[in-house]
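Colleague: For reference, the chains in residue letters:
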Amino acid sequence: MPEHRAVIGISTVRRKPPRPSNALPHLGELELTLLKLLWDAPEQSAHNLQQRLQAPQDCSLSTVQSTLERLHRKSLVQRDKRGHAYVYRAHLGRAELLGKLLGGVIRQLHDGSLEPILSSFVDFADRFDDDTLDQLDALVRQRMERREEDC
Amino acid sequence: MLALLASMVLCVVALWLLLGAAQALLYRWLQPTMRAIDPAQASVLLVGWLALAPVVALLTAYLLYSPDIAGWLVAGHCHSGQCVSHGPRSGLAVAPAAVLALWALCGVARCLWQQWLPVRRLYDQLTRIGDDRGDYVALSSALPTAFTLGWLRPRIFISEGMRAACTGEDIDCILRHENAHRRRRDNLRLLAGRILTAPLPQRLAHATLDDLKLCCEKACDLSAAAALSREAVAAALLRVARLQQGQVVGLAFAGNQTQRRVLALLEESPSPLAGGVLFTVASATLLFVLALVNPLHRAIELLP
Numbered sequence: 001m002p003e004h005r006a007v008i009g010i011s012t013v014r015r016k017p018p019r020p021s022n023a024l025p026h027l028g029e030l031e032l033t034l035l036k037l038l039w040d041a042p043e044q045s046a047h048n049l050q051q052r053l054q055a056p057q058d059c060s061l062s063t064v065q066s067t068l069e070r071l072h073r074k075s076l077v078q079r080d081k082r083g084h085a086y087v088y089r090a091h092l093g094r095a096e097l098l099g100k101l102l103g104g105v106i107r108q109l110h111d112g113s114l115e116p117i118l119s120s121f122v123d124f125a126d127r128f129d130d131d132t133l134d135q136l137d138a139l140v141r142q143r144m145e146r147r148e149e150d151c
Numbered sequence: 001m002l003a004l005l006a007s008m009v010l011c012v013v014a015l016w017l018l019l020g021a022a023q024a025l026l027y028r029w030l031q032p033t034m035r036a037i038d039p040a041q042a043s044v045l046l047v048g049w050l051a052l053a054p055v056v057a058l059l060t061a062y063l064l065y066s067p068d069i070a071g072w073l074v075a076g077h078c079h080s081g082q083c084v085s086h087g088p089r090s091g092l093a094v095a096p097a098a099v100l101a102l103w104a105l106c107g108v109a110r111c112l113w114q115q116w117l118p119v120r121r122l123y124d125q126l127t128r129i130g131d132d133r134g135d136y137v138a139l140s141s142a143l144p145t146a147f148t149l150g151w152l153r154p155r156i157f158i159s160e161g162m163r164a165a166c167t168g169e170d171i172d173c174i175l176r177h178e179n180a181h182r183r184r185r186d187n188l189r190l191l192a193g194r195i196l197t198a199p200l201p202q203r204l205a206h207a208t209l210d211d212l213k214l215c216c217e218k219a220c221d222l223s224a225a226a227a228l229s230r231e232a233v234a235a236a237l238l239r240v241a242r243l244q245q246g247q248v249v250g251l252a253f254a255g256n257q258t259q260r261r262v263l264a265l266l267e268e269s270p271s272p273l274a275g276g277v278l279f280t281v282a283s284a285t286l287l288f289v290l291a292l293v294n295p296l297h298r299a300i301e302l303l304p
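Sequence lines, in order, name chains A and B.
For what it's worth, the working numbering labels the leading residue of the first sequence as 1, then goes sequentially.
For what it's worth, the working numbering labels the leading residue of the second sequence as 1, then goes sequentially.
Chain A with its partners taken away, still in its complex shape (with noise of 0.2 Å):
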């Protein structure tokens, strides 16, 4: 067994997890365009974002609409009422939608509720104390100095 196995145990700490559910928050291609929509040029009628959504996306004024409310439910877009219609904004800016998501999938990975389905280069389900990777690092850097001293 090499040394620096024995200097640093590796121990594994493991708690039953939740069961592994496939609950991720999911947005639709539909609802993903019209938020993109949003965050270039917010405060926009549902007839406005209609008319700028291109073809293969292009689709009637209750679909857009019917998508917006959708939005608005997961308290994504918020709404003014002005004259007849409706003017709608993003709530969640596009890095605090993805932080939002990103933080998620980290936290159920984390707690064992998700199975692991992406290959991070550091494990998110991995835990580290400082002492452990002043340890590693302390060996690293020794392993560089001395191939420093073999050159």
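What the hints contain is simulated information worked out from the structure, not anything from laboratory work.
All figures in this text were calculated on a predicted structure; none of them were measured in a lab.
Glycine included, every Cβ here is placed at the ideal spot set by N, Cα and C.
Keep in mind that a hint or two might mislead.
To be verified - To list a few chain A residues with every Cβ distance to chain B over 12 Å, as calculated:
| hint | residue |
| --- | --- |
| 1 | Q50 |
| 2 | G83 |
| 3 | V87 |
| 4 | G93 |
As the list claims (entries may be wrong) - If the Cβ cut is set under 7 Å, some of the chain B residues that face chain A in the computed set are:
| hint | residue |
| --- | --- |
| 5 | L52 |
| 6 | V119 |
| 7 | I129 |
| 8 | S140 |
| 9 | S141 |
| 10 | I171 |
| 11 | H177 |
| 12 | D186 |
| 13 | L188 |
| 14 | E231 |
| 15 | L238 |
| 16 | Q245 |
| 17 | S269 |
Using the hints, position chain B against chain A.
Modeller: What follows is chain B alone, placed relative to chain A:
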């Protein structure tokens, strides 16, 4: 006809479950070897190991129910004066075959539901919201993350938070590591591993699946280290680990694969398993299957 079909299904599923459970118990003896050999080879061998139970089950059923072959492998005997080559059948097999087949199908369906749907949703959403930079998709989020997502056409995703917090050399290392995942289709490999063990209780297959993931990560680390250096990859791993530390509080499920990966990078290069050993294992498996046919034929016919 129903009795024959049910006997066949019972044979396949029961063998898959029994061999899978036996393999899970035997894996503790195989584990040190798998951890000591070249990780790229180990990841292939581990998928082969996980596929062994269903493949042996299917092959055995084929040999049992293929009259031309069974004639060579099963000792001659007659039923009600008829002495032709035949597949074993039992009227009692219908109910257990239905239960076991349903169990196996539910296991596979559950696995696909838990894997396929979240990946499809996340992949669609991130590629649409993110900014395609060719090699990778940039995510405008402050969370420091870098990962590969997708089965058949995997893509690399790197957040702005990661790019801002890492040096150019670290990002180069991350991209090389994630590109290796993409090239090797590691996500698909891990999905295959989970599907092959889906009908088994997950606790049984946990150690093998964990090692498969670790081998994939180690293989990608070595791929990145071939262009940079082992120490540079280890240092990048530790820097990213510190960045991700504290992102989520109240952990219930914690592993230590990164620690093992860093230590593996500081050790000597592992050597691949010799071809002779692999040939011996494959030959022994084939002999095992051939030896299984006659007793299994008798066992099925002994059912009332």
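Colleague: Does each hint fit the structure? Answer for all of them.
Modeller: Checked hints:
Distance to chain B confirms A:Q50 as a non-interface residue, since its nearest Cβ pair spans about 19 Å, more than 12 Å. For A:G83, the non-interface assignment is confirmed: its Cβ lies about 32 Å from the closest Cβ of chain B, beyond the 12 Å cut-off. With 12 Å as the threshold on Cβ separation, the claim that A:V87 sits away from chain B holds: the shortest Cβ distance comes to roughly 23 Å. In this structure A:G93 is not separated from chain B by more than 12 Å, as the shortest Cβ-Cβ distance comes to only about 9 Å.
With a least beta-carbon distance of about 23 Å to chain A, the hint placing B:L52 at the interface is violated under the 7 Å criterion. The closest approach between the C-beta of B:V119 and any C-beta of chain A is roughly 5 Å, which is under the 7 Å cut-off, so the hint is satisfied. Against a cut-off of 7 Å between C-beta atoms, the interface hint on B:I129 holds, since the closest Cβ of chain A lies about 6 Å away. At about 5 Å, the closest approach between the beta carbon of B:S140 and any beta carbon in chain A falls short of 7 Å, and the interface hint on this residue holds.
The restraint placing B:S141 at the interface with chain A holds, with a minimum CB-CB distance near 4 Å, inside the 7 Å limit. Residue-level restraint check for B:I171 is violated (minimum Cβ-Cβ distance to chain A is 10 Å; threshold 7 Å). Taking 7 Å as the C-beta contact cut-off toward chain A, the hint placing B:H177 at the interface holds, the least distance being around 6 Å. Satisfaction of the interface hint for B:D186 is found here, the shortest Cβ-Cβ separation to chain A being roughly 5 Å, below the 7 Å cut-off.
Below 7 Å, beta-carbon pairs count as interface contacts, and B:L188 has none with chain A, the closest being about 11 Å; its hint is therefore violated. Checking B:E231 against chain A: minimum C-beta separation of about 5 Å stays under 7 Å; hint holds. The interface hint given for B:L238 holds, since its Cβ lies 6 Å from the closest Cβ of chain A, which is under the 7 Å cut-off. Because the beta carbon of B:Q245 sits about 6 Å from the nearest beta carbon in chain A, less than 7 Å, this interface hint is met.
Taken as an interface hint, B:S269 does not check out: its beta carbon lies about 13 Å from the nearest beta carbon of chain A, beyond 7 Å.
Violated hints, in rising order: 4, 5, 10, 13, 17; the structure is consistent with all others.
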